[in-house]
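Engineer: All chains should be modelled from the sequences, with the hints used to inform the complete structure.
Number of protein chains: 4
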Amino acid sequence: MDLNADLGESFGVWRLGDDDAMLDVVTSANVACGFHAGDAATLARTCRAAVERGVRIGAQVSYRDLAGFGRRFIDVPPAELTNDVLYQLGAIRQFAEVAGSRVAYIKPHGALYNAIVHHEGQARAVVDAVMDFDPGLPVLGLPGSAWLSLAEDAGLPVVHEVFADRAYTPEGTLVPRSDPGAVLHDAAEVAERCVRMATKGEIVAIDGGVIAVKAASICVHGDTPGAVQIARTVRGALEEAGVTLAPFTASQV
Amino acid sequence: MDLNADLGESFGVWRLGDDDAMLDVVTSANVACGFHAGDAATLARTCRAAVERGVRIGAQVSYRDLAGFGRRFIDVPPAELTNDVLYQLGAIRQFAEVAGSRVAYIKPHGALYNAIVHHEGQARAVVDAVMDFDPGLPVLGLPGSAWLSLAEDAGLPVVHEVFADRAYTPEGTLVPRSDPGAVLHDAAEVAERCVRMATKGEIVAIDGGVIAVKAASICVHGDTPGAVQIARTVRGALEEAGVTLAPFTASQV
Amino acid sequence: MDLNADLGESFGVWRLGDDDAMLDVVTSANVACGFHAGDAATLARTCRAAVERGVRIGAQVSYRDLAGFGRRFIDVPPAELTNDVLYQLGAIRQFAEVAGSRVAYIKPHGALYNAIVHHEGQARAVVDAVMDFDPGLPVLGLPGSAWLSLAEDAGLPVVHEVFADRAYTPEGTLVPRSDPGAVLHDAAEVAERCVRMATKGEIVAIDGGVIAVKAASICVHGDTPGAVQIARTVRGALEEAGVTLAPFTASQV
Amino acid sequence: MDLNADLGESFGVWRLGDDDAMLDVVTSANVACGFHAGDAATLARTCRAAVERGVRIGAQVSYRDLAGFGRRFIDVPPAELTNDVLYQLGAIRQFAEVAGSRVAYIKPHGALYNAIVHHEGQARAVVDAVMDFDPGLPVLGLPGSAWLSLAEDAGLPVVHEVFADRAYTPEGTLVPRSDPGAVLHDAAEVAERCVRMATKGEIVAIDGGVIAVKAASICVHGDTPGAVQIARTVRGALEEAGVTLAPFTASQV
Chain Y
1235 MDLNADLGES FGVWRLGDDD AMLDVVTSAN VACGFHAGDA ATLARTCRAA
1285 VERGVRIGAQ VSYRDLAGFG RRFIDVPPAE LTNDVLYQLG AIRQFAEVAG
1335 SRVAYIKPHG ALYNAIVHHE GQARAVVDAV MDFDPGLPVL GLPGSAWLSL
1385 AEDAGLPVVH EVFADRAYTP EGTLVPRSDP GAVLHDAAEV AERCVRMATK
1435 GEIVAIDGGV IAVKAASICV HGDTPGAVQI ARTVRGALEE AGVTLAPFTA
1485 SQV
Chain D
1235 MDLNADLGES FGVWRLGDDD AMLDVVTSAN VACGFHAGDA ATLARTCRAA
1285 VERGVRIGAQ VSYRDLAGFG RRFIDVPPAE LTNDVLYQLG AIRQFAEVAG
1335 SRVAYIKPHG ALYNAIVHHE GQARAVVDAV MDFDPGLPVL GLPGSAWLSL
1385 AEDAGLPVVH EVFADRAYTP EGTLVPRSDP GAVLHDAAEV AERCVRMATK
1435 GEIVAIDGGV IAVKAASICV HGDTPGAVQI ARTVRGALEE AGVTLAPFTA
1485 SQV
Chain H
1235 MDLNADLGES FGVWRLGDDD AMLDVVTSAN VACGFHAGDA ATLARTCRAA
1285 VERGVRIGAQ VSYRDLAGFG RRFIDVPPAE LTNDVLYQLG AIRQFAEVAG
1335 SRVAYIKPHG ALYNAIVHHE GQARAVVDAV MDFDPGLPVL GLPGSAWLSL
1385 AEDAGLPVVH EVFADRAYTP EGTLVPRSDP GAVLHDAAEV AERCVRMATK
1435 GEIVAIDGGV IAVKAASICV HGDTPGAVQI ARTVRGALEE AGVTLAPFTA
1485 SQV
Chain Z
1235 MDLNADLGES FGVWRLGDDD AMLDVVTSAN VACGFHAGDA ATLARTCRAA
1285 VERGVRIGAQ VSYRDLAGFG RRFIDVPPAE LTNDVLYQLG AIRQFAEVAG
1335 SRVAYIKPHG ALYNAIVHHE GQARAVVDAV MDFDPGLPVL GLPGSAWLSL
1385 AEDAGLPVVH EVFADRAYTP EGTLVPRSDP GAVLHDAAEV AERCVRMATK
1435 GEIVAIDGGV IAVKAASICV HGDTPGAVQI ARTVRGALEE AGVTLAPFTA
1485 SQV
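Residue numbers (my numbering), protein chains in the order written: chain Y, 1235 to 1487; chain D, 1235 to 1487; chain H, 1235 to 1487; chain Z, 1235 to 1487.
Keep in mind that the hints were calculated from the coordinates and are not lab data. Each residue gets a CB set at the ideal place from its N, CA and C atoms; glycine is no exception. A couple of the hints might just be wrong.
[Unchecked claim] Chain H is faced by these chain Z residues, among others (derived, beta-carbon under 7 angstroms): (1) 1314; (2) 1324; (3) 1332; (4) 1335.
Structural biologist: Next up, the structure:
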């Protein structure tokens, strides 16, 4: 099982999250590429720190929106979006290579991640960018999203993820953040759910029913209060349960 | 002889210069990388248009300064500058590759170009970025600059350029723009000087004396009134004088 | 009748439109406030030039989006949008005052203009900003929009505009730009329509039927090819028809 | 005696310092205006919080440099700088007014603060902006700086500040940050120095000698580790020594 988290989301003088602590926990780092966060020095530092620990580097591409941290939908025309994604992929690739590694996968950030669950035009735009960048690049995303469906159609390797601290509906989709109980805060409970997902392929949905999930990666958060503690608890519980933690891209050279 | 010009300096809705016309004249395009100009769509379009015409793509890296078009010195600490340059190199490289080519050389822009004539810390920072990017990448610059001197020490291929429309001092340096006669505006006169440089390695300095110059590239401007006309006149005169126009990087694969 | 146009939309080295020519034609200038266009020097220059000609200064507020020129919808949370609009109002007010005038009205730009035709949350956010800024500030907009309706409810003076070069549906709404015939390019035809609107309160809709319109201002464009010529033709035709051209805010001190 | 600190330096999702805690300590808040820090929501929140506590709002204007947090000298031409400062003054003024107060003074930030100690062109540019904004606006700065000298010549009210945690040379200038002992970290020592400055007008210089200083405001930092604790200790010690803490602008309405 892989553990992924958003990292490298500082900008200039401003810091976000404890990247060093998180890099000791996760196996895949979704590294911000400069459009929602991540000045060039942060990209360099994060890529270096990831490589030192054997953590894989993913491109966490975003809308161009520092003021909104990429969390606001922007109605970017698809052709522009393809180029914006390519620009970011080129930048993060450079720092991954200077650090002695490569871009191992792509996982869009924030509002773009959410938009391309349904927005076919933008989903296709991101797929187009990935095809131009590297038609063998794994894409990480939400099962059932337009993004993964179009990526699969294009022949890209598709990887499913689950969220450690999010409640699921009986249909297997995320309970909206605005609903009560949507986000879990108890480290032990989160860890126990992750173990069940990883060992039995099951999640208890918000109505108490059990749903089947198949995911190669679990997303943990790095920037919320208690984030590091929850992530460590998840990792510890998985290891104790005999789950091997390794990048989902481990089979790649 | 090579002809180079700054291109791809539009941004979003704003256009600068007539890139298509200039790409029919020059052999090397210094393509803006997004920090002083050049949104991602412009990078894509410019790289594609250059490749279609066999024009080489150079990375026109800059300070991060859209509002000032990279024309204002910024006292960026060298370590930050190295990363800012790497970020831009990664981005332009991506578009060059998608267009079926590669970054053939680097030529810093505006205030950065001027700063690293003398500012050793920043000059070394740019050299460091180039060494990390590709230790065989040709660097284009002003003869006698700290930038070229440090690049040469680092083992980088160094290429000298002259300016088609600038007056030179008897010492072979540029007459400051603020001095009378610093910039030449007559297309025929500019063209005639370029032919003399290219065929005899001579420039008439502002005091009327003749100085020897050795340059592999002539810089023409693309964004001033009459720029295209001057550039065409220069090219025409060079061809008429039997000078072969080809990228200075032509020997590279 | 008032003539308004978007002005002050240059940014740094990049110029857009011929502001000086347009300021000789219009009676109200929608001046960009820095978020989609308009660096501080442009704001200063545009306000000064408007005041010299007796042209009124309107605040052309926008989403924060230089790369997209404010033409892309951004899902900004209303509370943030209120503050973004206030920030821009404060900035343009400063330059209006230094030029010896004041902000005479507000007209949102581009995607924000279009969004608040229907998006009640954002429309209310802009109204809230105007109420905080000056509860007597006239607002200029599209008849039938949520924006004007909410502004009216809040007690703000509401002013209707029509578009000189756009086709109208039989219901009096704009024909979408993507439809054939949506934009008129013939200066004489555009001018003739403006005269009919101004003198008889009528527009010929795209189906040939005649609809009644009541507007205090006609919007002409400043940044398209031929824009200045069309604007001059419109002004000339209106004057010839005996229509007095004056700012819609002329009654204000 | 007045206590001032830099506040409102968050941006979007990124937070800097503990503004609420600092606002309970200081009497004057240097509020960032959006060019080095401070999105519009932060300006609104900071101005409101300052007014609630009776803390005066100062305009902390800066170079346009979010990536560098305004800490890098930028060679902005004076005329541009005047407009950039006016833009920021207009924006912060708007939020101060909406919060029920006004801009009580100006204190430039970071590299601009440092530059205009000596750089006459930029110092005069900032003075010009203040004269355009409000020729009665107090300016806060370093005794002996070109900035204060030119402000005084222009008739602006000039206010001197000392730094709570900085060592001074025997000549009364700041020991450069790069020198050993330049910054003091012990809260008790810092507080004791502030009391001596406030009650006796004396500072012990780095060579042990005593120098005379006359300042109406003491600058404490809000964004370093332990900043709040040091600021509270300073305030407590001053109050215990019978020093009345009040805004230096208290006499203004």
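Engineer: Hint by hint, note whether the structure agrees.
Structural biologist: Against the structure, the hints:
{"no.": "1", "hint": "1314", "verdict": "holds, 5 angstroms"}
{"no.": "2", "hint": "1324", "verdict": "holds, 3 angstroms"}
{"no.": "3", "hint": "1332", "verdict": "holds, 5 angstroms"}
{"no.": "4", "hint": "1335", "verdict": "violated, 14 angstroms"}
The structure fails to meet hint 4 from the earlier list, while all remaining hints are met.
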